[in-house]
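Colleague: Protein sequence lines correspond, in order, to chains A and B. For the first sequence, the working numbering begins at 1 and goes up steadily by one. For the second sequence, the working numbering begins at 1 and goes up steadily by one.
These are calculated hints, taken from the structure and not from any lab test. Please note that a few of the clues may not be correct.
As the list claims (entries may be wrong) - Examples of chain A residues toward chain B, derived with CB under 8 Å:
no., residue
1, Glu-32
2, Arg-43
3, Leu-44
4, Gln-45
5, Leu-47
6, Arg-49
7, Ser-82
8, Tyr-86
9, Leu-98
10, Gly-101
11, Thr-102
12, Gly-103
Unchecked claim - Here are the in silico distance ranges between beta carbons for each label pair:
no., chain 1, residue 1, chain 2, residue 2, range
13, A, Ser-28, B, Ser-67, 43 to 53 Å
14, B, Asn-30, A, Arg-53, 21 to 31 Å
15, B, Glu-79, A, Gly-58, 45 to 55 Å
16, A, Gln-45, B, Asn-30, 33 to 43 Å
17, A, Arg-53, B, Gly-40, 28 to 38 Å
Claimed, not checked - Each computed EDC-like pair below joins lysine to aspartate or glutamate, with the alpha-carbon atoms no more than 20 Å apart:
no., chain 1, residue 1, chain 2, residue 2
18, A, Lys-9, B, Asp-38
19, A, Lys-57, B, Asp-38
20, A, Lys-22, A, Glu-54
21, B, Lys-57, B, Asp-26
22, B, Lys-57, B, Asp-38
23, A, Lys-9, A, Glu-20
By construction, the Cβ of each residue, glycine as well, lies at the ideal position given by its N, Cα and C atoms.
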Amino acid sequence: AQRVTQPEKLLSVFKGAPVELKCNYSYSGSPELFWYVQYSRQRLQLLLRHISRESIKGFTADLNKGETSFHLKKPFAQEEDSAMYYCALSGQTGANNLFFGTGTRLTVIP
Amino acid sequence: NAGVTQTPKFQVLKTGQSMTLQCAQDMNHNSMYWYRQDPGMGLRLIYYSASEGTTDKGEVPNGYNVSRLNKREFSLRLESAAPSQTSVYFCASSVVIRYEQYFGPGTRLTVT
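Start from the sequences and build out the full structure, keeping to the hints where you can.
Modeller: Right, dumping it as structure tokens:
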């Protein structure tokens, strides 16, 4: 069963426009949700996790348990935001409950 | 600190050959993971090691074996490579399960 769904494979926005990368999950219990980012020719790195409720590089994500969503948002996109973004879920027991979405490639058009 | 390192960076194998992918971390993390990344599939967990001395299967373990050699090192072995194992392999580590994962640079493996 698909645990993490990222419906958009590709997303293009203009510089300065708002960005929203969608993530929906399927899991009973209390999962931990993450967003990871992979910039061109760099390794995957954590962008943010829901439990910390931080804003990193202007991105925020709110866990909506009612809608089982964890969408990533930024009010004004920058060219350096162009990258591959992965939503990930960690279940309550063990790493065999670790699931990544298929990723969304964001392109910010100058 | 080098973080998570992987060797080799690239490898081409013929069907039926064997090889071991090496991974090491210098962050004193307890948990380590192996993923494969395929187009349109995202990252899928192959095996993980919650702590030194333990290993467990992930989502796609068939055709692979792992060894947690010590706290620092976690290797992935393909005993008889198949074209379906052509992929990019990532190693990762975390303080413990459910914490932020730190990834290696990846190994691009092609099986012909």
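Colleague: Identify every previously stated hint that the structure contradicts and give their numbers, smallest first.
Modeller: 5, 7, 13, 16, 19, 21
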